[in-house]
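Please take these sequences and the hints and turn them into a complete structure.
If you read the sequences in order, they're chains V and W.
When we follow our numbering, the leftmost residue of the first sequence carries the number 23, and every step to the right adds one.
When we follow our numbering, the leftmost residue of the second sequence carries the number 23, and every step to the right adds one.
No wet-lab data here; the hints were simulated from the structure.
Certain hints may be false.
Note that identical chains are pooled: a pair holds if it fits in a single copy or bridges any two copies.
[As the list claims (entries may be wrong)] Here are the simulated DSS-like pairs of lysine-lysine, each with C-alpha atoms no more than 30 Å apart in a straight line:
#1 K128 x K24
#2 K125 x K24
#3 K24 x K40
#4 K24 x K49
#5 K125 x K113
#6 K113 x K24
#7 K128 x K113
#8 K113 x K40
Predicted model, so just to flag it, every value in this text is computed and none were measured.
2 protein chains.
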Amino acid sequence: MKILGRHLVAELSDCSAKILNDLPELKRSLIEAARRSGALVVDSVFHRYNPQGLSGIVVIAESHLSIHTWPEYNYAAIDCFTCGTSVDPYKAIEYLKATLACKAIKVRELNRGIPSDSDSFIAHKTDTHMTPVAVHD
Amino acid sequence: MKILGRHLVAELSDCSAKILNDLPELKRSLIEAARRSGALVVDSVFHRYNPQGLSGIVVIAESHLSIHTWPEYNYAAIDCFTCGTSVDPYKAIEYLKATLACKAIKVRELNRGIPSDSDSFIAHKTDTHMTPVAVHD
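So, in structure tokens, the structure goes:
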């Protein structure tokens, strides 16, 4: 693969149900997690479901950080896709583990990029992808 | 794992650079892809980068569908996380493969849920998670 970035897929269980259903706190935490990873936050969108559960996605210049919560299971599904070498997605996951009072975590890491016969890294072109120029939603 | 959903991670290469940089077309395609999978579209957010490249995320009641494009490499990174049994995320990926004029695709499928010693399925509680009640962004 011609690697452009890393995608962490994390299962956070035995979390605080209260925090998993606290939209303002989860929004603050997700944005702060992105910042702690070194990412540039571009935008975010959050939703509350009835009667419980939240979805939140932070768009970062380096791709995205998402969370979906099931307070009824004390569980949150997180994924953090980051490109380039200036961002450490594990810092985002570690921060969220702490803020959600998570007692059990499983993280899988996938390389993302263009399939090829051998592995190599190719430029993310951070100077271009780090510069959002317009918002369309 | 107590499985709540599936997460498809797809690398689309040899795509049309023109379409990968066409924000209105990509937005239309991503939302239509979500609908074709059977998902309920809740919200979306898109960004254009300088001088090229787009990010787009569609929040669905069943989780999310995202795309990040590198027209300079004719490459798009897509992920589609869906919960419950009413949605077929492969339909979203197939639709995007066609609309992006993609000639090479690699898809990885991950189960998402609560880690445990053996595999089983647990209720996504569709009737609750299918009902967004508030928008906070």
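Consistency of the hints with the structure:
no.: 1; hint: K128 x K24; in the structure: both (26 Å within a copy, 13 Å between copies)
no.: 2; hint: K125 x K24; in the structure: between (35 Å within a copy, 17 Å between copies)
no.: 3; hint: K24 x K40; in the structure: between (42 Å within a copy, 21 Å between copies)
no.: 4; hint: K24 x K49; in the structure: between (33 Å within a copy, 26 Å between copies)
no.: 5; hint: K125 x K113; in the structure: within (17 Å within a copy, 36 Å between copies)
no.: 6; hint: K113 x K24; in the structure: both (24 Å within a copy, 26 Å between copies)
no.: 7; hint: K128 x K113; in the structure: both (15 Å within a copy, 28 Å between copies)
no.: 8; hint: K113 x K40; in the structure: within (23 Å within a copy, 35 Å between copies)
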